[in-house]
Amino acid sequence: MAINIDTVYKQFGALKVVNGVSVDIKDGEFFVMLGPSGCGKTTTLRMVAGLELPTAGRISIDGADMTYAEPRHRDIAMAFQDYGLYPNMTVFKNIEFPLKIRKLDVRERARKVEDTAEKLGLGELLQRKPSQLSGGQRQRVSLARALVRNPKVFLMDEPLSNLDAKLRAVMRTEIKKLVTNLGITTIYVTHDQIEAMAMADRIAVMSRGNMVQVASPLEIYDRPKTRFVAEFIGSPPMNLFPAQLKAGGTVTCILPNFAHSLCDDERAFAAQIVDGNGGLLLGIRPEHLIVAKAGAQGATDALVELVEPLGQTTNIYVSVGDVRFVIVTDRTTVKAGDTIGVVAPSELLRVVANDDAVVRH
Amino acid sequence: MAKSGTINAPALQLGATKAVRAGEKSVPTLLLAPTMIIMTIVGLYPLLHSLYISLTNYNPTFGTSYSFIGFANYARAFGDGQFWYSVGLTLAFTAISVALSLTLAVLLALLFNQYRFGFVVLRTFLLIPMLITPIAVGITWRTMMMPDLGVLNYLLSLIGVSHLSWASSPSSALASVILVDVWQWTPFMFIIIFAGLRSLPKSPFEAAAIDGAGHLATFMNVTLPMLKPVIVIATLLRVVDAFRTYDTVYIITRGGPDFATDLLSVYLQRVNFRIFDLGYGSALSWIALVIVLVVVLVFVNLTGFLKLVADKENR
Amino acid sequence: MSNSRILKSGAGALAAYGLAIAAALFFAFPIFWMVTSSFKSEVDISAYPPVWSFSPTLANYAQLFTELNAWQALLNSALIVGLATCIAMAAGTMAAYALARFDVKGKEFLAFEILSIRMLPPIVSVIPMFIIARQLGIFDTPWLLIAAYALSGLPFVVWVMRVFIQDIPQSIEEAAMIDGCSRFETFWRVTLPLLLPGLAATMVIVFMFAWNEFLLASMLTSQEAKTLPVIAANAIKPKAIAWGLASAAGVMMSLPVVVLVLLMQRYLVRGLTLGAVKG
Numbered sequence: 020m021a022i023n024i025d026t027v028y029k030q031f032g033a034l035k036v037v038n039g040v041s042v043d044i045k046d047g048e049f050f051v052m053l054g055p056s057g058c059g060k061t062t063t064l065r066m067v068a069g070l071e072l073p074t075a076g077r078i079s080i081d082g083a084d085m086t087y088a089e090p091r092h093r094d095i096a097m098a099f100q101d102y103g104l105y106p107n108m109t110v111f112k113n114i115e116f117p118l119k120i121r122k123l124d125v126r127e128r129a130r131k132v133e134d135t136a137e138k139l140g141l142g143e144l145l146q147r148k149p150s151q152l153s154g155g156q157r158q159r160v161s162l163a164r165a166l167v168r169n170p171k172v173f174l175m176d177e178p179l180s181n182l183d184a185k186l187r188a189v190m191r192t193e194i195k196k197l198v199t200n201l202g203i204t205t206i207y208v209t210h211d212q213i214e215a216m217a218m219a220d221r222i223a224v225m226s227r228g229n230m231v232q233v234a235s236p237l238e239i240y241d242r243p244k245t246r247f248v249a250e251f252i253g254s255p256p257m258n259l260f261p262a263q264l265k266a267g268g269t270v271t272c273i274l275p276n277f278a279h280s281l282c283d284d285e286r287a288f289a290a291q292i293v294d295g296n297g298g299l300l301l302g303i304r305p306e307h308l309i310v311a312k313a314g315a316q317g318a319t320d321a322l323v324e325l326v327e328p329l330g331q332t333t334n335i336y337v338s339v340g341d342v343r344f345v346i347v348t349d350r351t352t353v354k355a356g357d358t359i360g361v362v363a364p365s366e367l368l369r370v371v372a373n374d375d376a377v378v379r380h
Numbered sequence: 005m006a007k008s009g010t011i012n013a014p015a016l017q018l019g020a021t022k023a024v025r026a027g028e029k030s031v032p033t034l035l036l037a038p039t040m041i042i043m044t045i046v047g048l049y050p051l052l053h054s055l056y057i058s059l060t061n062y063n064p065t066f067g068t069s070y071s072f073i074g075f076a077n078y079a080r081a082f083g084d085g086q087f088w089y090s091v092g093l094t095l096a097f098t099a100i101s102v103a104l105s106l107t108l109a110v111l112l113a114l115l116f117n118q119y120r121f122g123f124v125v126l127r128t129f130l131l132i133p134m135l136i137t138p139i140a141v142g143i144t145w146r147t148m149m150m151p152d153l154g155v156l157n158y159l160l161s162l163i164g165v166s167h168l169s170w171a172s173s174p175s176s177a178l179a180s181v182i183l184v185d186v187w188q189w190t191p192f193m194f195i196i197i198f199a200g201l202r203s204l205p206k207s208p209f210e211a212a213a214i215d216g217a218g219h220l221a222t223f224m225n226v227t228l229p230m231l232k233p234v235i236v237i238a239t240l241l242r243v244v245d246a247f248r249t250y251d252t253v254y255i256i257t258r259g260g261p262d263f264a265t266d267l268l269s270v271y272l273q274r275v276n277f278r279i280f281d282l283g284y285g286s287a288l289s290w291i292a293l294v295i296v297l298v299v300v301l302v303f304v305n306l307t308g309f310l311k312l313v314a315d316k317e318n319r
Numbered sequence: 614m615s616n617s618r619i620l621k622s623g624a625g626a627l628a629a630y631g632l633a634i635a636a637a638l639f640f641a642f643p644i645f646w647m648v649t650s651s652f653k654s655e656v657d658i659s660a661y662p663p664v665w666s667f668s669p670t671l672a673n674y675a676q677l678f679t680e681l682n683a684w685q686a687l688l689n690s691a692l693i694v695g696l697a698t699c700i701a702m703a704a705g706t707m708a709a710y711a712l713a714r715f716d717v718k719g720k721e722f723l724a725f726e727i728l729s730i731r732m733l734p735p736i737v738s739v740i741p742m743f744i745i746a747r748q749l750g751i752f753d754t755p756w757l758l759i760a761a762y763a764l765s766g767l768p769f770v771v772w773v774m775r776v777f778i779q780d781i782p783q784s785i786e787e788a789a790m791i792d793g794c795s796r797f798e799t800f801w802r803v804t805l806p807l808l809l810p811g812l813a814a815t816m817v818i819v820f821m822f823a824w825n826e827f828l829l830a831s832m833l834t835s836q837e838a839k840t841l842p843v844i845a846a847n848a849i850k851p852k853a854i855a856w857g858l859a860s861a862a863g864v865m866m867s868l869p870v871v872v873l874v875l876l877m878q879r880y881l882v883r884g885l886t887l888g889a890v891k892g
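So the protein lines, in turn, are chains Y, A and W.
Each residue of the first sequence is one higher than the one before, starting from 20 at the first, in this note's numbering.
Each residue of the second sequence is one higher than the one before, starting from 5 at the first, in this note's numbering.
Each residue of the third sequence is one higher than the one before, starting from 614 at the first, in this note's numbering.
Nothing false has been slipped in among the hints.
Straight-line distance between alpha carbons at most 30 Å, and here's what the computed BS3-like set of lysine-lysine pairs gives:
| id | chain 1 | residue 1 | chain 2 | residue 2 |
| --- | --- | --- | --- | --- |
| 1 | Y | K112 | Y | K131 |
| 2 | Y | K35 | A | K29 |
| 3 | A | K29 | Y | K119 |
| 4 | W | K720 | Y | K35 |
| 5 | Y | K171 | Y | K195 |
| 6 | Y | K45 | Y | K195 |
| 7 | W | K718 | A | K29 |
| 8 | Y | K196 | Y | K138 |
| 9 | Y | K148 | Y | K119 |
| 10 | Y | K148 | Y | K122 |
| 11 | A | K232 | A | K206 |
| 12 | Y | K35 | W | K718 |
| 13 | A | K232 | W | K720 |
| 14 | Y | K171 | A | K29 |
| 15 | W | K720 | A | K29 |
| 16 | Y | K196 | Y | K112 |
| 17 | Y | K131 | Y | K45 |
| 18 | Y | K45 | Y | K196 |
| 19 | A | K29 | Y | K122 |
What the simulated footprint calls covered on chain W by chain Y, stretch by stretch (three residues with Cβ under 8 Å from a Cβ of chain Y suffice, anywhere in the stretch; the number is not a length):
| id | stretch |
| --- | --- |
| 20 | 776-789 |
| 21 | 795-808 |
None of these hints come from the bench; they were simulated from the model.
All C-beta atoms, glycine included, are put in the ideal place defined by N, C-alpha and C.
Take these sequences, add in the hints, and give me the full structure.
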């Protein structure tokens with residue numbers, strides 16, 4: 020089921036928590052809203068759920084206007100951060116609840132509950148109460164309860180943040196598989212960029228009530244539009260340098276040999292940034308920088324300040340004068356105090372806006 | 005190196021988003037209606053009526069007609085020595101009784117905070133006094149405090165203390181009544197403070213132990229500050245109730261001897277329902293009400309009570 | 614452990630038990646006295662030095678019903694207090710739910726208003742109630758006291774139930790609403806079962822305060838609607854004070870509440886601390 024969010028605002032007093040968000044979510048898409056706490060992602064989700072009413076704007080589900088409809092009339096399911104399980108009911112009764120409300124008959128209900136429980140590996144736990152379950156098990160009950168109804172839309176509000184890292188990785192794949200198999204349109208809210216990258220068909224990076232960039236994970240990773248997005252995704256984050264647009268469509272920065280010729284689709288964007296008086300930045304991912312010998316042709320000499328060997332990769336923190344940045348390479352013999360040459364391939368440099376205001380339309 | 009993912013965005017307090025949902029606009033009003041109706045009919049209306057009566061000279065023993073006399077009753081009240089004596093007596097009674105109860109309650113809470121065998125049972129005995137009907141409490145203590153036949157004087161005589169006059173002498177009557185009040189209501193403060201004590205986190209105490217603080221230092225610097233909200237609530241509730249003490253005094257001394265225990269409620273009851281000077285009595289009641297409000301306001305201000313409550317809400 | 618430490622811990626334990634037992638005795642003795650007095654005959658009761666072992670008699674209790682008309686008072690108390698408690702619980706819990714779950718204009722002000730009822734010295738409202746009741750012809754009827762007690766119970770119910778409701782995470786109610794429940798269904802199927810311990814505890818306390826109330830009851834009744842505390846006080850009035858009878862009245866009055874409260878001990882602590890404790 021497609022979801023349309025049209026210029027939605029949510030205001031508490033003077034505070035604009037959601038500031039004119041518009042997006043079309045396609046049927047069957049796994050759509051992730053990513054951002055730090057306070058960016059408005061959860062509030063937007065809750066408005067789609069019907070747990071909050073927008074101050075302005077419209078929300079449609081499957082073409083029907085649901086802006087002011089009650090949650091129970093929207094045919095959605097939701098998984099909460101603290102699971103929202105009914106403490107005084109068994110796992111079976113928890114999962115059964117939505118079916119009971121819809122007045123399905125007893126045998127039908129039992130069948131569906133058992134089916135869904137099997138799918139989520141809860142078969143043995145059906146008679147336990149939530150207080151007797153581990154975090155991961157509770158999470159699966161919460162998912163089972165949501166899926167047992169075969170909803171049109173599945174909303175998930177940071178469902179994995181209360182789990183430990185290992186469990187999170189495991190549950191991540193399970194959820195994605197489940198939901199993809201069933202073809203349910205999903206909106207997933209998180210502040211964890213790895214979750215977002217791993218699971219999403221598209222990511223909406225949000226900040227201060229706005230969707231700063233909406234694109235596929237790789238697109239966001241390769242071509243972040245603003246400093247916020249560039250630094251939020253990727254660890255270590257993208258290196259960014261204040262830059263200038265030269266006549267002839269070249270962008271240069273303070274570092275020699277870090278220069279980029281704009282290709283056609285970038286020209287408009289760069290012009291937009293400069294016209295809007297936002298700062299222009301030149302950015303490059305740490306793993307795209309190449310380590311060469313000091314003084315090599317086309318390389319910029321840099322002083323190595325710190326080397327972090329992480330096993331699979333190595334982080335090299337360097338400085339050129341006052342400018343500091345990071346390189347990620349394979350195993351290396353470079354050590355602190357060395358001077359190395361750094362090559363920044365022109366085609367891997369990106370034009371990035373310093374200010375989110377530029378991208379708001 | 006810039007930190008990824010942390011932006012100075014204003015934090016969203018999800019607890020505050022109790023927005024009205026579709027079709028729920030009238031629900032809160034409906035839910036609050038019964039309470040508001042009861043409050044208005046049974047609370048506000050009589051209160052305002054009382055204000056009106058206080059401006060008249062209504063006295064049923066003189067018939068059902070009465071006339072409006074403006075603030076004459078209030079003027080009379082200001083010159084009524086007996087009334088102000090009662091007020092002062094009640095304030096003194098409240099202050100002493102609550103202070104004693106509070107101290108005793110805190111000490112008992114500290115004592116019973118230890119996990120010893122049998123303490124749970126002993127604690128149960130502590131609870132009972134506040135459950136007993138105050139009239140029954142009055143009856144029992146009056147029996148026990150009889151100077152010639154009472155068991156208290158008997159027990160005291162066993163250890164060599166001579167004949168006390170308890171509630172029958174003006175000099176010791178107030179103290180006796182305070183004793184009864186402390187006996188009955190310390191458990192109330194005890195429960196609240198004890199529950200507070202039991203729920204305090206362990207780590208500050210462990211930190212204090214490592215820092216080398218002794219029992220007294222720990223109590224003054226760690227326990228007491230953390231107990232403040234609980235102590236404030238218990239004290240406020242007790243102060244308001246102590247001010248209204250009536251039942252036990254009615255049974256034990258009826259306000260005597262020689263008006264030694266003529267607390268405000270007792271005096272007002274006499275004016276209103278023995279003499280039936282209802283106009284005057286209403287005026288006095290209103291002045292009493294104002295005094296209570298002032299006491300509460302002073303208390304609330306001194307202890308930052310409202311802030312405590314508000315903090316809890318915004319969690 | 615060094616010798617002095619063993620000594621200290623032994624002495625400490627001794628002191629602790631000593632103090633604890635002393636405290637328990639202090640608070641329990643008068644009750645013990647009241648109960649034993651209620652079973653003493655006239656002779657035993659006025660004996661000095663006081664009698665510690667005696668043959669118990671039920672004469673005082675019998676007298677309660679014959680002389681003081683305790684039967685009617687008992688019925689009155691049960692009916693009046695029971696009904697008032699139910700009204701206060703119903704209205705108060707609804708109000709508490711509104712305050713806990715909805716954004717109401719002037720919410721905190723409203724909450725304070727409701728709370729301020731508690732601070733009203735009853736004597737202030739007794740007079741107008743007395744007058745109005747006579748005018749309306751409802752003096753000495755149960756309805757008057759029921760209304761008055763319902764009002765007295767409201768602030769406590771609202772404040773405490775609000776805390777209990779806040780203890781239930783909103784996500785559970787939201788899950789129910791998404792699962793298909795209306796607001797009312799959510800409350801009935803999900804919130805209420807979780808609220809039961811809190812409701813029970815609050816109910817007992819509201820019941821207790823109304824049951825033990827004397828001032829309003831004595832002023833607003835004369836023949837028909839007398840409650841237990843009123844008739845107990847009557848045992849004191851005559852010149853020759855009937856101690857046995859009074860003690861029996863005291864025991865009978867206090868028994869229901871003591872039993873109820875002891876049964877519900879665990880839940881009551883939470884309510885009384887008004888949430889200031891766990892926060």
